[in-house]
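Enquirer: Chains as they are written, first to last, in the numbering used here: chain A, 1 to 296; chain B, 1 to 340; chain C, 1 to 888.
None of these hints come from the bench; they were simulated from the model. Every residue gets a Cβ at the ideal spot worked out from N, C-alpha and C, and that includes glycine. Any given hint might turn out to be false.
[What the hints assert, rightly or not] Mimicking DSS-like on lysine-lysine, the simulated pairs with C-alpha atoms at most 30 Å apart in a straight line are:
1. 256/B <-> 123/B
2. 256/B <-> 85/A
3. 407/C <-> 627/C
4. 85/A <-> 407/C
5. 578/C <-> 627/C
6. 85/A <-> 123/B
7. 123/B <-> 170/A
8. 85/A <-> 45/B
[As the list claims (entries may be wrong)] Sample of chain A residues with no beta-carbon within 10 Å of chain B, all distances over it, derived:
9. 35
10. 49
11. 57
12. 68
13. 71
14. 126
15. 129
16. 162
17. 182
18. 188
19. 195
20. 200
21. 208
22. 254
23. 268
24. 279
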Amino acid sequence: MTLTELLRTAGGDPATNAGYRDHPPRMGFFTDTSVCIGCKACEVACKEWNHVPEDGLELTGMSYDNTQGLGADTWRHVAFIEQRKQLGSQEPGVFHDGRNGSTAGGSSQLRWLMASDVCKHCTEAACLDVCPTGSLFRTEFGTVVVQEDICNGCGYCIPACPYGVIDQRKGDGRAWKCTLCYDRLSVGMEPACAQACPTDSIQFGVLDELRQRAAARVGQLRDAGVADARLYGHDPDDGVGGDGAFFLLLDEPEVYGLPPDPVVTTRDLPAMWRHAAIAAASLAAGVAATFLGRRP
Amino acid sequence: MTPPEVTRQGVANPRPGRQAPTGGRRGGAEAAMVPEATFDSYYGKPVINQPVWESPDIPGYFYFGGLAGASSVMAAAAEASRRPRLARASKLAAAGGLGLSLLGLIHDLGRPERFLNMLRVFKPTSPMSVGSWLLSIYGPLAVAAAGSEVTGWFPRAGTAAAFGAALVGPAVASYTGVLVADTAVPAWHEGHREMPYVFVSSAAVAAAGAGLLSAPVAENAPARRMAAIGVAGELAGSALMERRMGLVAEPYRRGKAGALVRAGQGLAVVGAAGAALAGRRSRLAAALSGLALMVGSACTKWGIFEAGLASARDPRYTVVPQRQRAGTVGEHRTGQPPPG
Amino acid sequence: MGTSFGRGGATTFQQDLQNSDCIVIEGSNMAECHPVGFQWVMEAKARGATVIHVDPRYTRTSALADVHVPLRAGTDIAFLGGIINYVFEHEKYFREYLVSYTNATTIINDRYLDTEDLDGVFSGLDRENRTYDFHTWQYEGMEVQAASGQRDEQYQDRAGGGGTVRHAARGESHGSGGAAISGDPEHDPEMLHTRCVFQVVKRHFARYTPAVVEEICGVPQDLFLKVCEAVTSNSGRDRTTAFVYAVGWTQHTVGVQYIRTAAILQLLLGNIGRPGGGIMALRGHASIQGSTDIPTLFNLLPGYIPMPHAHEHESLDAFIEADAPDKGYWGNMRAYTVSLLKAWWGASATDENDFCFDYLPRLTGSHSTYETVLAQMDGSCKGYFIVGENPAVGSANARMQRLGMAKLDWLVVRDFSLIESATWWKDGPEIESGELRTEDIPTEVFFFPAAAHTEKNGSFTNTQRMLQWHFMAHEPEGAARSDLWFYYHLGRIIRQKLAGSADPMDRPVLDLTWDYPTEGSIEEPSAEAVLAEINGWDPEGRPLASYQQLKDDGSTSCGCWIYCGVYADGVNQAARRKPWHEQNWVANEWGWAWPANRRILYNRASADPDGKPWSERKALVWWDEEKAEWAGHDIADFSSTKPPGYRPPEGATAEDAISGTDPFVMQPDGKGWLFVPSGLTDGPLPTHYEPQDSPFRNPLYRQQRNPVRQVFKRKENRYHPDPESPGSDVFPYVVTTYRLTEHHTAGGMTRWLPYLSELQPEFFCEVSPELAAERGLEHMGWATVVTARNVIEARVMVTERMTPLTVQGRTVHQIGLPYHWGPNGYSTGDAANELVGLSLDPNVHIQEAKAFTADIRPGRRPRGPGRGALVEEYQRRAGIGEETGMAI
Ligand SMILES: Nc1nc2c(c(=O)[nH]1)N[C@H]1C(S)=C(S)[C@@H](COP(=O)(O)OP(=O)(O)OC[C@H]3O[C@@H](n4cnc5c(=O)[nH]c(N)nc54)[C@H](O)[C@@H]3O)O[C@H]1N2
Ligand SMILES: Nc1nc2c(c(=O)[nH]1)N[C@H]1C(S)=C(S)[C@@H](COP(=O)(O)OP(=O)(O)OC[C@H]3O[C@@H](n4cnc5c(=O)[nH]c(N)nc54)[C@H](O)[C@@H]3O)O[C@H]1N2
Ligand code: SF4
Ligand code: SF4
Ligand code: SF4
Ligand code: SF4
Ligand code: SF4
Ligand SMILES: [Mo]
């Protein structure tokens, strides 16, 4: 086994790679932001079910988003984006060119995008890879979960995650994130956030089926004139081997605060170890070299 | 799409609401949008979460680890080349560096009492796991070497330990380079090829500094040479790294991180030059040069640390390189033009 | 809606919205305020429906709609009137439906004069008393009485004698109404007679052209026409359009007429009683529908039986005589009333004593919540129960609410938390400003912690008239108790104290049936026993199955006739929870809806006069020849075996007088009413009036505002100057108030919860970038908002979702204020209701909280006495006095 093979868990089913046999199919989320109404029921349901503490009272002015982002105390986050852009052929009826005249020519432009973000449960999860304690582990459903009784708060998973998901809880020291409701899945229940979502923006299910549904959906929206519709994180060939929780977006990922092309850094780890080894050897050699030659 | 019908049999062709064509009506083809030329972000919020590692714990951990690892090598070489005072100084520097390094690491843990969980598993995918195991091998050796040196007990074992520590020491000095690079922090990861070299060079600078500071001029020649080589390596490595990083190198040149990096390089150059020019004659000059080298190395590690934090804070450093990459890579990967 | 269709509830249920071809959400922010129900809008959209949101603000509902139409708050009658005019003009009405099912063909008497004739008022206006005499609005050759619930006001009228008692109100116009009628009206089936309703309505709306709509509402004509086309092309035989509204329509001085306008439009288009059609009135509080069905309103008895007025020596018979029509289902009012009296007074209620009719309290005038506040301020109201309400934040002119409470002898507050209405005497805004001092306030305040719905058994009656049972999941903690517990034990203790009293005054209390079993350690009364009493029993003591079984001889008892059947067979029908996939889409076996578990009202109208669905693609109920009964998805809102061919015999009464083709069974003529000859206090047809405080003249008539709106001459409640008069420019901006998904109403249930508070942590106002520039407001900075009533401060949210409008050729800016905040709790802020004045809809006494004017300026408001001083300064600048805004 080469170093690369040893280090890469890429490809295939993550639960199988993690050594599970006869495991259930990989479960995940397809969050279709085009039907999100920004009600934040997912945020609240998640907190209620998982006893996640309150995350601070701050009026941010970021449209209706006062949550700001995912973190130790926010495992679902609903983003709000107000844009001067057209949503398909929607007629938003607002006028900001100092004029309230004819809409002919579609001069009125506004759209309000809402999107519920969550841990991606990456096929190749950087957080899991770098966790030195084994606190982060892969479940039989292919999801990524922190074991709170093991985490020692080293904080390594936090900068490792390319999506800015996992974070350390103040005053507790440990890292926390979405568990994809492991406890609920284990007893055949749907995750709390998906169950609370009134519009089915959050769809939970067998990942393969979700991917098919998502492909159909994006086609449907494009046919309907929403050229901006695109999937994000659905592709098993992307930089993290595909997300267990993927999305339908209506704009560039970064507009939603998502990285446009995240790559699990462990992919470069073999190279890094090689460089480290050479560097170490050079250090040894270099130091030795300084001792060569004449002593005074 | 068939319109909403209710026949005598009931609701015909029901459709879940999630299939609603939001914003769009059938057939309404939309004019292609002008792709955004400018960089977009979500209210300027960072894409990735800030590392929660704190200063001085973590940069200290890097710095002292480097000092320790390189010092061990130097100690063994000094021992082998019969420079006892340099060997003694280096062994002590190694043990002290190790202690402070571990202290920084443990102090920074959210749950320090669970430090030993580090050794629950061995994970080559986790540089911190690898590092923990390295330290757990290296630590006793370095401590034994220093202990024996100070107490004079078990001199043979002490020597063996010193050589053992020298074998592991380079790895201790270099793995932290991988540790920072194996994150999504742009200013760290984008330098993942060069980072180990920069780290070991900086470690060599620190160890050389420690040697110069505490060894007599008679024995400090290797340290002086090491300072020169280390500084050269560090400068070259950093330059290469920053060039390859492109935009992401900005944080190394700006603000607090920029100041630290500049100070680090400046002090290192001054230290190396001082050592080369006056280090062999003046004990004071040697000591001052050594101090400059040590502080310079610390500044470099701090600078790298701070540059990482700064790059994580600004979404530009995450988004722009990825976007550039997606622009080229994305195309063949998905078979679709980049969205926009 | 009661006056148009016969019952005040939503005509449909939310699940049926999935069958709509077009949904117009206007006067509601459905996605934010009814997010769960909104899924049915999304399903309709998935099936191809067009969704239109008409709202001053671009909201989360607009974000998901196909079209958002911003309009100036308070102008919906003009907007809808414009669509009505379009329908007439382009002959888009559903003619067969109109002729068969509405009063379009009925001839109005020749004394009727329209707003078109009288420059904005209808005939019969009594300027002195600010009331209308509606006798001139009658059908030709006959007389129609007001909808039930108001008819007792005309008792004198019918039973002989002088002056009527005016001013009574019907709760939020959600009754189970129906008007009295005598004689047979004249018709013109061709609808050509100049005085037939069709022509009258057509003439009335003729001036609401697209240009006028633009001038009043600020809606560009092409956008308006887009809506007209969408609505009309999605209505008719094969297609249906639904309207959805909530309090964006009701909280106006012409609120009831807003809904009337929609009712007229929906009748014209043939959209009532049909799948995917109807008017979905979204109710608010979890059981607000329930609290009008079994009312907390002063003027109604359960089931919309009117509360008797204080006429001398009025007997039960006279009460029924004065009130009950002889046709339609209200023809059985005596049975409903007697059964109610039997439920309350049991064995004591006998034929001899008029079934204790005299025990019922009597009305002496209007005792609506706002009049009660005035009575407190005047010292005539001494005690106050606040149960599940937070008027110090949620009611208009919040300062007046507190000043009223500060004059009471005692105040009881039952709530989960120490809401503002419970603590104003120690830390309210008037204490801060120095206007009140705690030591001077005589009010003794009692606070009782209340149990939440999860801590008690009981039912909710939701927005679609459906009762759903909830079970206690957990016994209430500490001293918290259910309201049922409180009232039962309060009654028990009072009865104990009165026991043995010979005073006839105490008989009504002592004779009550007050024998509910209690359960558990806290002696919680059995909610199911109460439900059984509401349902009623037959002479043998068996639960009744339907209100058709009710008798007027005292042999049956029933606590609320419209709920009769909810405990049929001794089974709690409201607790049924058969999953949707085990029954048809109407899901009649989930919970129980009144009337008689029907989900779509007037659904007879979904079939043509012959009983066949108008379209096989819009089938709901139909006449099954073979079985000789009405079949279909829903339970027919009709006598189940009355064939389409049935014609009432001469002299028939009650439901027998309704023919086989009359779907509006609560109406005396069985028709949907385009023109309401009686039952409304402010006119038989809706007409655009400006809000009480408005920056614009009414361009239609000289008449500026609803002439019979309720206004109060109080120094704490000043109005703004008439537009175009001196000082009118002091309050140049239009303000509207509303809700956010993240909070609930006056905040008692959300501002104390961290999980919700963190989502919307502070009070803010929404303004457009243009207004922000005009007034120097900064995003996330502070703004001070001032009216003649009070001044508040809010953080500023500058957003393009707020759009300037061009009205009457000039730009108008609107300010949006969510009204959830108050000074207590975890998330705090000023209350928007400090700004709102008392000016009420004359029919239902709802405050005009949705459209008023204000000034806005950067910075925080003054503290201490400076607060009042600033308001006074504004009043002075605008020249405001006693008479300002009081013109009829
Ligand atoms: N999350 C949440 N849900 C709730 C509640 C809550 O507090 N929070 N409250 C419940 C209660 S009690 C009720 S009554 C309902 C109310 O439900 P809604 O009536 O939907 O709620 P509002 O936000 O008060 O007002 C609706 C909309 O009316 C608009 N509006 C204001 N003036 C006008 C006007 O003149 N014309 C038109 N067309 N629109 C206007 C406002 O901009 C607002 O978007 O919601 C219920 N549901
Ligand atoms: N400006 C403006 N003002 C408005 C409106 C508006 O749109 N704009 N909307 C109006 C409307 S539609 C409404 S419905 C009102 C609402 O105004 P309120 O009814 O005054 O406000 P809530 O906060 O709903 O008050 C209900 C209280 O009941 C308590 N409660 C809940 N359950 C129970 C229970 O079981 N028992 C008891 N005893 N207490 C309980 C809650 O804690 C809460 O404090 O506001 C009105 N005011
Ligand atoms: S999104 Fe981040 S936290 Fe979630 S699995 Fe991937 S790497 Fe881990
Ligand atoms: S913080 Fe906890 S979960 Fe994260 S890497 Fe460290 S031990 Fe693992
Ligand atoms: S899956 Fe569970 S833990 Fe994850 S966001 Fe949803 S509710 Fe929270
Ligand atoms: S619950 Fe669903 S609709 Fe509501 S914010 Fe979350 S994803 Fe959006
Ligand atoms: S709060 Fe209750 S009533 Fe309101 S939308 Fe949610 S579930 Fe429905
Ligand atoms: Mo309400």
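Enquirer: With reference to the structure, classify each hint as holding or not holding.
Expert: A quick look at each hint next to the structure:
Restraint check: the Cα-Cα separation between residue 256/B and residue 123/B comes to about 34 Å, which exceeds 30 Å; the hinted pair is violated. For the given pair, residue 256/B sits about 39 Å from residue 85/A by alpha-carbon distance, which is inconsistent with the 30 Å threshold. Restraint check: the Cα-Cα separation between residue 407/C and residue 627/C comes to about 66 Å, which exceeds 30 Å; the hinted pair is violated. For the hint pairing residue 85/A with residue 407/C, the CA-to-CA distance comes to about 55 Å; that exceeds 30 Å, so the pair is violated.
At most 30 Å may separate the alpha-carbon atoms for a hinted pair to count; residue 578/C and residue 627/C meet this at roughly 27 Å. A C-alpha spacing of about 48 Å is found between residue 85/A and residue 123/B, which places the hinted pair above 30 Å, so the restraint is violated. Restraint check for residue 123/B and residue 170/A: satisfied, since their Cα atoms lie roughly 27 Å apart, inside the 30 Å limit. Pair hint residue 85/A plus residue 45/B holds up; C-alpha atoms about 21 Å apart against a cutoff of 30 Å.
Distance to chain B contradicts residue 35/A as a non-interface residue, since its nearest Cβ pair spans about 5 Å, not more than 10 Å. Here residue 49/A stays apart from chain B, with its beta-carbon at least about 22 Å from theirs, past the 10 Å limit. The Cβ of residue 57/A sits about 18 Å from the closest Cβ of chain B, beyond the 10 Å cut-off, so the non-interface label holds. Some Cβ of chain B comes within 10 Å of the Cβ of residue 68/A; the nearest lies about 6 Å off, and the non-interface call is violated.
For residue 71/A, the shortest C-beta to C-beta distance to chain B comes to about 7 Å, within the 10 Å cut-off, and the non-interface label is violated. Residue 126/A, annotated as away from the interface, has a beta carbon of chain B within 10 Å; the closest lies near 7 Å. A cut-off of 10 Å between C-beta atoms contradicts the statement that residue 129/A is not in contact with chain B; the least separation is 4 Å. With a least beta-carbon separation of about 4 Å from chain B, residue 162/A fails to lie farther than 10 Å from that chain, contradicting its non-interface assignment.
Separation of residue 182/A from chain B is adequate, the least Cβ-Cβ distance of about 20 Å exceeding the 10 Å criterion. Residue placement check: residue 188/A keeps its beta carbon more than 10 Å from all beta carbons of chain B (closest about 21 Å). Listed as outside the interface, residue 195/A is consistent with that label: its C-beta sits roughly 14 Å from the nearest C-beta of chain B, beyond the 10 Å cut-off. Taking the minimum C-beta to C-beta distance to chain B, about 4 Å, the non-interface status of residue 200/A is violated against the 10 Å cut.
Every beta carbon of chain B lies more than 10 Å from that of residue 208/A, the smallest distance being close to 18 Å; the non-interface claim holds. Some Cβ of chain B comes within 10 Å of the Cβ of residue 254/A; the nearest lies about 5 Å off, and the non-interface call is violated. Not every CB of chain B lies more than 10 Å from the CB of residue 268/A, the least distance being 5 Å, so the non-interface label is violated. For residue 279/A, the requirement that its beta carbon stay farther than 10 Å from each beta carbon of chain B is not met, with the minimum near 4 Å.
Hint violations for this structure: numbers 1, 2, 3, 4, 6, 9, 12, 13, 14, 15, 16, 20, 22, 23 and 24, all remaining hints satisfied.
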